[in-house]
Amino acid sequence: MDLADGGSGAPSITVQLVGSGLIGVREGLEIGIVVMILVAFLVKSERRESLKWVAVGVLAAVAMVAAIFLGIHYGTSTLSGLTAELIAGVASLVAAGIVTWMVLWMRTAARSISGELRADMTRALSVGPVAVTALAFLAVGREGVETALLMVGYAENAAGSSWPLVGLLLGIVVATILTISMYFGSLRVNFATFFTCTGALLVVVAAGILAYGVRALQTVGWLPGLSHTAFDVSAHFALSSWYGAVLQGIFNFRPDPTVLQATTWVLYVMVVLTLFLRPQRTPIASQTTSRQLAEG
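Each residue of the sequence shown is one higher than the one before, starting from 444 at the first, in this note's numbering.
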């Protein structure tokens, strides 16, 4: 079955929805975990009156993230030619860098994030509503910026389609439902497995975004080697096929990468996955669940 849309070369609607939906679920759950910890702490501490300030901070962070995504994505869509390639390339490199930092940070911070957030909230409560709002804004905004940059890099390969945004929103809805279920104890998540599997997937996605950025900068002449192709399997690889749509839509794969593109992708995956998967001195307990994390 041909999954491509009208032979345009863009990933199919299904792939765009699934790819961005996975990002929405993963990033939405990270944000949901942060909000769950803050809410659970306030409820347990009988400080429910501060919940409204957490809500204000969360909504402000969401608005900021939406502005970042829309500003970069639709700002570049009004440009054309080499200028658009240049901005897309730089945005992709920045996105890959920030996603890399966030993935590696979450790997080490996951085991202590609950205690740190509760300690921060204790201090914020002693200061007042503005501090509580600021804490929620920064905690959610930190995760949200990663999501916005991931989606900018991902959506650049969707030929101006709005389906990646739809998929992201659907993924966030699913993540919201899962977070509510976790909070009320009807669903338990093994966080060691969750962060390991989704983090490794994000590393590969970020590698594709990085390679896309390298190609864009080669196109505008900022990087050399545009004419040096590492390999070309175009004759045996149809982007209009289901596997071609999946690889292009989720991982930014192209059948004719340049030598610099391919080298960058391989080195990035090797180095970052090694750092991400290396054993930790004090690993997260394998049976740590969402409810235990929220309750501390």
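Please note that the accuracy of each hint is not assured.
Derived Cβ-Cβ restraints for the label pairs, each shown as a range [said to hold, decoys possible]: (1) A673 <-> P572: 18 to 26 Å; (2) T565 <-> D675: 54 to 62 Å; (3) W665 <-> L581: 18 to 26 Å; (4) R491 <-> L669: 54 to 62 Å; (5) A643 <-> E559: 20 to 28 Å; (6) M507 <-> V486: 21 to 29 Å.
Simulated pairs of lysine to any residue, SDA-like, Cα-Cα distance not exceeding 20 Å [as the list claims (entries may be wrong)]: (7) K495 <-> S555; (8) K487 <-> R561; (9) K487 <-> T551; (10) K487 <-> Y626; (11) K495 <-> P572; (12) K495 <-> A574; (13) K495 <-> V573; (14) K487 <-> S624; (15) K487 <-> I623; (16) K495 <-> L581; (17) K487 <-> S605; (18) K495 <-> L485; (19) K495 <-> I623; (20) K495 <-> S605; (21) K495 <-> L513; (22) K487 <-> V588; (23) K495 <-> A506; (24) K487 <-> E559; (25) K487 <-> S555; (26) K487 <-> G628.
These are calculated hints, taken from the structure and not from any lab test.
What you are looking at is a predicted structure, and each value in this text was computed from that prediction instead of being measured.
A virtual CB, placed ideally from N, CA and C, is assigned to each residue, including glycine.
Here is what the structure says about each hint:
For A673 and P572, the hinted distance range of 18 to 26 Å is not satisfied, since their beta carbons lie about 56 Å from each other. T565 and D675 have their C-beta atoms about 59 Å apart, which keeps the hinted 54 to 62 Å range intact. Judged by the Cβ atoms, the range 18 to 26 Å given for W665 and L581 is violated: they are separated by roughly 34 Å. Take R491 and L669: their Cβ atoms lie about 59 Å apart, and the range 54 to 62 Å holds.
In this structure, A643 and E559 meet the distance hint of 20 to 28 Å, their C-beta atoms being roughly 24 Å apart. Range check, M507 to V486: Cβ separation about 26 Å, and the 21 to 29 Å hint holds. A hinted pair counts as satisfied when its Cα atoms are at most 20 Å apart, and K495 with S555 does not qualify at roughly 25 Å. Distance restraint check for K487 and R561: the Cα-Cα separation of roughly 11 Å lies within the 20 Å cut-off, and the hinted pair is therefore satisfied.
Taking the CA atoms of K487 and T551, the gap is about 26 Å. The hint is violated against a cut of 20 Å. At most 20 Å may separate the alpha-carbon atoms for a hinted pair to count; K487 and Y626 meet this at roughly 13 Å. At most 20 Å may separate the alpha-carbon atoms for a hinted pair to count; K495 and P572 meet this at roughly 9 Å. Between K495 and A574 the CA atoms are separated by roughly 13 Å; this keeps the pair inside 20 Å, and the hint holds.
Of the pairs offered as hints, the one joining K495 and V573 holds, with about 11 Å between alpha carbons and a cut-off of 20 Å not exceeded. Restraint check: the Cα-Cα separation between K487 and S624 comes to about 18 Å, which is no more than 20 Å; the hinted pair holds. A hinted pair counts as satisfied when its Cα atoms are at most 20 Å apart, and K487 with I623 qualifies at roughly 16 Å. With a C-alpha separation of about 16 Å, the suggested pairing of K495 with L581 holds against the 20 Å cut-off.
For the suggested pair K487 and S605, the alpha carbons sit about 41 Å apart, so the restraint of at most 20 Å is broken. With a C-alpha separation of about 11 Å, the suggested pairing of K495 with L485 holds against the 20 Å cut-off. At most 20 Å may separate the alpha-carbon atoms for a hinted pair to count; K495 and I623 meet this at roughly 17 Å. Between K495 and S605 the alpha-carbon distance is near 33 Å, which puts this suggested pair outside the 20 Å criterion.
Under the criterion of a C-alpha separation no larger than 20 Å, the hint pairing K495 with L513 is inconsistent with the structure, at around 27 Å. Between the alpha carbons of K487 and V588 the distance comes to roughly 29 Å, so the proposed pair goes past 20 Å and is violated. A C-alpha spacing of about 17 Å is found between K495 and A506, which places the hinted pair at or below 20 Å, so the restraint holds. At roughly 16 Å between alpha-carbon atoms, K487 and E559 fall within 20 Å of each other, so this suggested pair holds.
As the CA atoms of K487 and S555 are separated by approximately 19 Å, the hinted pair is consistent with the 20 Å bound. Using a Cα cut-off of 20 Å, the hinted pair K487 and G628 holds, with the two alpha carbons roughly 15 Å apart.
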